[in-house]
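Asker: Starting from the known structure of chain Z, fit chain B onto it as the hints suggest.
Protein chains in written order, with my numbering: chain Z, 1 to 337; chain B, 1001 to 1337.
Be aware that one or more of the hints could be misleading.
[To be verified] Residues from chain Z that keep clear of chain B, each with C-beta distances beyond 10 Å, as calculated:
1) V11
2) A69
3) R116
4) A140
5) K243
6) S278
[Unchecked claim] Mimicking DSS-like on lysine-lysine, the simulated pairs with C-alpha atoms at most 25 Å apart in a straight line are:
7) Z:K245 <-> Z:K203
8) B:K1018 <-> B:K1205
9) B:K1063 <-> B:K1204
10) Z:K163 <-> B:K1018
11) B:K1101 <-> B:K1203
12) Z:K163 <-> B:K1034
13) Z:K63 <-> Z:K44
14) B:K1034 <-> B:K1018
15) B:K1030 <-> Z:K236
16) B:K1236 <-> Z:K30
17) Z:K34 <-> B:K1163
18) Z:K163 <-> B:K1030
19) Z:K30 <-> B:K1163
20) B:K1030 <-> B:K1018
21) B:K1163 <-> Z:K163
22) B:K1070 <-> B:K1044
23) Z:K236 <-> Z:K101
24) B:K1018 <-> B:K1044
25) Z:K63 <-> Z:K74
26) Z:K63 <-> Z:K204
27) B:K1063 <-> B:K1074
28) B:K1163 <-> Z:K18
Note that these hints are calculated values from the structure, not bench results. Fair warning: this is a prediction, and the values are worked out from it, not measured in the lab. By construction, the Cβ of each residue, glycine as well, lies at the ideal position given by its N, Cα and C atoms.
There are 2 protein chains.
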Amino acid sequence: MVRIILCGFGVVGQSFAKLLLSRSEDLYAKHGLKARIVGVFDSKGSAASSAGIDLNRLLETKKLYGNIAKYHNKEKKANGLDMINGMEAEVLIETTPSNYKDAEPGMSHIVSAMKRGLHVVTVNKGPLALAFPSLIELAAYNQVQLKFSGTVGGGTPILDYAKNSLRGERIVSFQGILNGTTNYILTNMAGGMNFKEALSDAKKKGYVEADESLDIEGFDAAAKLVILANWIMDMKVTIMDIKRKGIRDVTTTDITNARSRRSAVKLIASCNRDLEVSPREIPLDDPLCVNGTLNAITFNSEHSGQQTIIGRGAGGMETASSILRDLLDIKQEVGKI
Amino acid sequence: MVRIILCGFGVVGQSFAKLLLSRSEDLYAKHGLKARIVGVFDSKGSAASSAGIDLNRLLETKKLYGNIAKYHNKEKKANGLDMINGMEAEVLIETTPSNYKDAEPGMSHIVSAMKRGLHVVTVNKGPLALAFPSLIELAAYNQVQLKFSGTVGGGTPILDYAKNSLRGERIVSFQGILNGTTNYILTNMAGGMNFKEALSDAKKKGYVEADESLDIEGFDAAAKLVILANWIMDMKVTIMDIKRKGIRDVTTTDITNARSRRSAVKLIASCNRDLEVSPREIPLDDPLCVNGTLNAITFNSEHSGQQTIIGRGAGGMETASSILRDLLDIKQEVGKI
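Just chain Z, same shape as in the assembly (with noise of 0.2 Å):
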């Protein structure tokens, strides 16, 4: 039996209930899994119960007033340090929103419930961006486990498929668009609208975070190649090493040029020598140069070439997944929990 205490309950957190809701009998008949989430709180309210909490009940409740807290009679504040390091669990999942000032609040739940020896997923890249190595570090020392498979590629697993399945295998450097809102207003400019137009048409959908320089000024991009790079390449970097400009200052004129020239302009995050984030152009028959919200990465190896893959960089449900995913490692990494 797995217990978990769940950070945040926005699309993230609710689309994981749902899936732990459908996939419960599969998950345990295939892979030996039992979980239950004892404890859940957003910024607006909590709720608890060690014997489990009924998920289909705490979903109709956000859905009916917004707000988790009315899932008991009485309605409880929340106070996540105090769940975090009261309640007995075993794995914290952390969905809050990502910040690159301090992290906050996701990186104290973070170190809370690794101190006190609870494995954590997170899907929240602000805390590895400011300080992956020492969080690493944290979670050696207090022999836990950190995953964070949905910080990159949502869920596609990109992390995985550049560590294991590459593994006997050398990787020299790697370039990616790795933020989808960018690659889905880039792509909107190439089809004719300006830069104005295509953020209105995008914030419109739903893709632009609601501080609209993360996606922007290419500080989501940057997050990601700080996960990378420390992942994949044993660097020791955070997001204050990441050469970074954002796709502010494209304009209709540098797209037509690209394309005169075969190319798209793309915001690549780069892992070479430097690491860096910018607007560049990229040929169009590059595998790389995917439209709309998808991502790409390409991996440069020693002995198998270039690989790219591609897929949908975010989602409720296939960051859901991946959370599912780091479930399932720690289980057998761990061996019982």
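Answerer: What follows is chain B alone, placed relative to chain Z:
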């Protein structure tokens, strides 16, 4: 110490020998793998040494005489099965040419080796295409590992990605360009050549199998589809179950018509309800629509949407790299060998 018998010393076998030479220190330091080739044979000769063959001298011999028999002072006639049945070894690596009639000589090599308790790494697709389900059973019965990651995607670990990186996820269907030679021909036809010219150009480049029908008639793609269907979808099928149509009848008119619909004609192997290899139109902006000798496959997953992997499909060093990956896997799964 892993003692290896290597069947076949063509491009792949030689690349593997070179890879072992260049990586031996690193393999031991990073993965604890010490590998020694104790026997090598091909259709023209053989070399054996229980203390380990001097790979530099073996490669030199092959280069000078086009034959490895002169590795010893007296010329030795190859008798592969005697070697497999007589020598002390832990792993058989099978790299002889694929054959879709009776899968020989690879089939006898693999079956004899497994019966003797040797683990097997094969990049020869013939035995798997004709008898995947029974070979898997034979491996289980003899408690040996049967690995074949180089049979699909060359150095691109497609099988591993689908089986492992997507664990906890369900693959519903997939479709791919699994043969680089036909993709090269179709790409050249899209560039203006007719089929005959494009085939002749591919032959000049050394991309076409000695028996051209293996590529052109879709046997190679069908064999890979069999392996994917068995391994990833848990089907129990052989090449007899594949609906197969090659590219010989594709005309420049078909290709021009496709382009007017912003599509390209590709030889697609698909697993949906049916298993089929045939030329089909793919939209130009589909990530699957790659050119030249590239391979690509799109997995349709239940929760993570479509995921596409693109890479070089073949090449001596790429395939050798996949053999190394399989060896590392065997070492990890079996423990001390």
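Asker: Does each hint hold? Answer for all of them.
Answerer: Hint-by-hint comparison with the structure:
no., hint, in the structure
1, V11, "14 Å, holds"
2, A69, "29 Å, holds"
3, R116, "26 Å, holds"
4, A140, "19 Å, holds"
5, K243, "27 Å, holds"
6, S278, "23 Å, holds"
7, Z:K245 <-> Z:K203, "21 Å, holds"
8, B:K1018 <-> B:K1205, "23 Å, holds"
9, B:K1063 <-> B:K1204, "22 Å, holds"
10, Z:K163 <-> B:K1018, "24 Å, holds"
11, B:K1101 <-> B:K1203, "23 Å, holds"
12, Z:K163 <-> B:K1034, "22 Å, holds"
13, Z:K63 <-> Z:K44, "14 Å, holds"
14, B:K1034 <-> B:K1018, "15 Å, holds"
15, B:K1030 <-> Z:K236, "20 Å, holds"
16, B:K1236 <-> Z:K30, "20 Å, holds"
17, Z:K34 <-> B:K1163, "22 Å, holds"
18, Z:K163 <-> B:K1030, "14 Å, holds"
19, Z:K30 <-> B:K1163, "14 Å, holds"
20, B:K1030 <-> B:K1018, "18 Å, holds"
21, B:K1163 <-> Z:K163, "15 Å, holds"
22, B:K1070 <-> B:K1044, "11 Å, holds"
23, Z:K236 <-> Z:K101, "19 Å, holds"
24, B:K1018 <-> B:K1044, "20 Å, holds"
25, Z:K63 <-> Z:K74, "18 Å, holds"
26, Z:K63 <-> Z:K204, "22 Å, holds"
27, B:K1063 <-> B:K1074, "18 Å, holds"
28, B:K1163 <-> Z:K18, "24 Å, holds"
Of the numbered hints listed earlier, not one is contradicted by the structure.
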